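With the sequences and hints as input, model every part of the structure.
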Amino acid sequence: MNGATFATGKVGQAFSFDGVDDYVDLPLTASQLISNTAGAITAWVYPTTVGDNDIVVAFGSGSGGQGVGLGIWGNIRIYHHYGSYDWQSNTSISANRWTFLAYVWDSTTEYIYKDGILTETRPRNFNYVPGAGTIGHGFWGDPANAFPG
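Going by my numbering, the sequence shown opens with residue 2, and the numbers climb by one from there.
Since the hints were derived computationally from the structure, they do not count as laboratory data.
Among these hints, one or two may not hold up.
[Claimed, not checked] So the derived label-pair ranges between C-beta atoms look like this:
hint, residue 1, residue 2, range
1, 6, 28, 14 to 22 Å
2, 19, 108, 34 to 42 Å
3, 145, 85, 13 to 21 Å
4, 7, 43, 14 to 22 Å
5, 38, 117, 17 to 25 Å
6, 9, 85, 34 to 42 Å
7, 10, 31, 13 to 21 Å
All values derive from a computational prediction rather than experimental measurement.
Just so you know, even glycine gets a beta-carbon here, dropped at the ideal spot from N, CA and C.
Okay, here's the thing in structure tokens:
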């Protein structure tokens, strides 16, 4: 959508986003593949800038505490579609460098991995409900939070 293209990826091709309005809209079935009980979102990312509130991928219903998303706000940030549920981590990320990110959860705990190393955990505080899914920008069609990379 809005000019998202392909570029050379870590392995093969990757999506390329301008950080203004590009994104990939995923079918509802993608959101339904994610479980409330336990799950993981992983991505190789290459941010061209380390900005503020840039969402790499997001899934969920659109109500507060019912989504899951992986992004960057200075450091790695986990989104649950409302500030009081979101997790601003202390795990740094660099611009113009490939980094493998993994966000994992189970019934009690959330985990952040960077390049295969566990960097942080916290008690779980969300209840996932399937809805929409996007790669490259904010939740559920919100034009804010575009990812540059």
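Exercise. For this structure, which hints from the list above don't hold up?
Worked result: none
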